[in-house]
Every structure is written in C-alpha cells, then in structure tokens.
Amino acid sequence: MNLDFSCVVKYWPFLYHGALLTLKMTAICAVLGFMLGVLLALLKLSKWKPLIWFGRFYTSVFRGTPLLVQLCIVHFGLPHLLGVTFTTEQSGILTFTLNSAAYISEIFRGGIQAVDKGQYEAAKSLGIGYGDMMKDIIVPQAVKHILPSLVNEAIALLKETSILSYIGAMELIKAADQITVLSYRFFEPYLTIALIYYVFVMLLSMVANRLERWVNRSDQVS
Amino acid sequence: MIKFHDVYKNFGQLEVLKGINLSIDKGQVVTLIGPSGSGKSTILRCMNLLEVPTKGQVFIEGQEITAKKVDIQAIRKDIGMVFQHFNLFPHKTVMENMTYAPIKVKKKPKAEAEQKAMELLQLVGLTEKANEYPGKLSGGQKQRIAIARALAMEPKIMLFDEPTSALDPEMVKEVLEVIKNLAHTGITMALVTHEMGFAREVSDRICFIDDGQILEDASPDEFFSHPKTERAQSFLDKVL
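Heads up: the sequence lines are chains A and B, in that order. Quick note: the first sequence, position 220, residue 220 per this note's numbering, numbers continuous. Add 1000 to a position in the second sequence, counting from 1, and you land on the number used in this note's numbering.
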C-alpha cells in the first residue's frame, strides 16, 4: 500500500471551493428549510381542513420520493416545463429547502404538540394573540425539546449536499472526482473529503451542544 | 359584572353543564364548591371562553362574549386567571413572565411594566426572585408569581381555578394569604377551591354545584350552617 497525498495538496483549491459550496448550501438550506418547516407545521396544526390536507400532502410527496429524483425534476424537468433555467446552486437550494422543510415540519409538529396545554391556556388568559403566543411562548419551548432532532436534520442535510455532484455542482464530491481524473489517484481524494465531512459534522455537533446548553439555561438549578 | 344565562356545555356525549344561571356583581367574591367532576371548573373556564358553551349566553360587563365576532382577546386581557398547575412560562424569568403580556398586549412601555411588576412582587413577597426562572421556585412561590402575573394586566376580574390543589400542604397558606388580601381590594373574584375554611372566610357568596347545576347559592354562613339541599349536606359532611 502506498499512499500519496501530494495530489490532494497539489489540487487543494478544488477541495477548498468544494468545501465552501457544501457549507454554503447547508447553511442556506438549513435556515430556509427551518422557516418553511415551521410554517408547514403550523399549517398541519391549524383548524382549517384544506390547510391540514395541503401540509400532509406536501410532506407525503417530499418524504415519499428520493431526494435525487426531486433534484432531477427541479434541475432538468422544471426548465423543460416552465422554460426557466436554474443554476446548479439554485436547483440545490430549492430542492434541499423544500425537502428538509418536510422533515422539519414533522419534527416541529411533534415538538409543538408536546408543549403543555396549560401554556396555551395561560397565554390565552393573558389576552396574548395566536401569533405572539406561538412565536414567543409555544415555539421556543418546542425548539428546546426538538433541538437534538433538528441537529440530526442539519447533519443529514450537510451530507446530502453531496448529491449535488449529480447535476454537476462543484461541491466536495465533484472536487474529489476532478482530482481523481487529473491525478489517477482515488483513495486519497475520497479519504480526504470523508475527513472534511467528518470534521464539519463534528463542528456542527459542538455548536449544537453549546446551543443546547444555552436553550436549557432556564432548567439549571443552583 | 359576570352573568350566565342558561349555559350548557357538552364534551362529546357528556353533558357537563346543564343550564347554569349565575350573576356576579362588581366587587363580589364568589366561590364555587362541589364534588369533583361537578362542572365548577368548567363554569369558571366559560367566563373567559377557555371553554365555549354549547348553548346559552355569557356576559361580561354587559357584553355578550358568546356572541359571534367578539374580540375575545380584548375581553381576556381584563380577566386574570390563576390555574391549578401555575402554568408559568418556563423559558422566561419571573420578570419576563410578568411583563410579557403588559408590554405585548397592553402596549405598556417596558420600564413602566417592570415597575408595576416589582410592586406586585412586593405584594406577594417575592421581590428577590425577579430574575429567577420558574424552575427554581417552590410550588407556593410559583403560584404567587402566577397571581402577580395575572394582576400585572390590571384585570377587573380574577378567576382562580383550584389555586392550591397542586401545592404541598405547607405552602397552601402563603397562597391563600395572597388571595385573601386581594379579595379585600374590591376586585371581582370567582374561585373554585376545596379549602372550605378559606371559602367561608373570604367569600361573599357560595355556589354549590353538583352534576352540572347550581343547587345552592347563598351567603357562606347560611350555606355552611344550614345547607338547604340534601346533596350539599352530604358533601359538607364528607369534607368538613
């Protein structure tokens, strides 16, 4: 066995830009997916039947089909149908946001339903409106309980951005591919990006731990 | 101030209230007592529409709150409610618990809301807990904060739904003391409690509820000394 990482060093800019794109996609889609997910969860918890149906249908579609298929439909299918073309990044943002929103909405629905009924009653009895009640009283308590699940979702998202390589986006996998083509070495580039993914996930976990301690500050008993 | 006209409430097949007629005047303290499951909490919860009557009308200060298109939020901000399980917001400090609604709902400036909150904390004897989270408080302290939180909205009516039922025995007194002081301020109060001695001392009227109906409505002395119905008599025999 002879390992030679010189190719990795030599073509490092590929990996650097790939890593940046991976991070960028993850960050954008996590934030947008979170917001859309909360909205969808509220739809599913509303009293109006059509809204509930829409929320459930949405979730079933995005959970019921492979992410890669969704990406292909958005990137190759929609332009054909609508006559608009998306860059690989735009397609990625659209698909990952829509997809992760479906999962996040389910996580949120569970979290919101787990908040004690008394919290709603106390808020209502103080004359607090539905919007403020959800935003300031219910959702913050729900987030606290579902934070570990949300972190899981973010980690999954980070790794799933790798399928962007399929539509030609220059993220980490594509960067490694490039290096294999240029240097005829396979093990080292792929091992390197595996390591990069691993480090990113670890960093994300560390941030999440901090965050968890922060949201649980009201539980600390002196 | 509060008026019930022939109020019915069903939970599915179960008829919980069966034609409640009740009138509470301004400044009166009325206690609802009766066996558990008799519907007394439901009556209380109909006063701020946490439960919506199936049939009948409820009036607050002459306004029918059971009518369609009523701004229930506007009515609720004038009706404070204290719950059995306190229901403080666990992620907010005591001060934030007490100032959130005054700032958000009544649009009070923050400084003014905080000043009012400190006054109320003094009233319930917990000024030193202003920056604590509810998780660090005892049950009795939580309930005193919950009362202060409701009072921070400067309500015209206060509802107490079994405020001491979830407390350890040694904490009951501190909470009852606060409620008693409040009763003397002339605020209109409706409460549900199992503390008979307290009910007798603090109430202007006692309503005895059984099986979804008001069986007796009398002054405390009259009710406790000479209950008119057999069911009230047998209830009192059991609890006193």
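Do not take every clue at face value.
[Said to hold, decoys possible] Straight-line distance between alpha carbons at most 27 Å, and here's what the computed BS3-like set of lysine-lysine pairs gives:
1) 124(A) x 1068(B)
2) 47(A) x 135(A)
3) 49(A) x 1055(B)
4) 144(A) x 1238(B)
5) 117(A) x 1055(B)
Calculated from the structure, these hints are not laboratory results.
Need the list of violated hint numbers for this structure, in ascending order. 4
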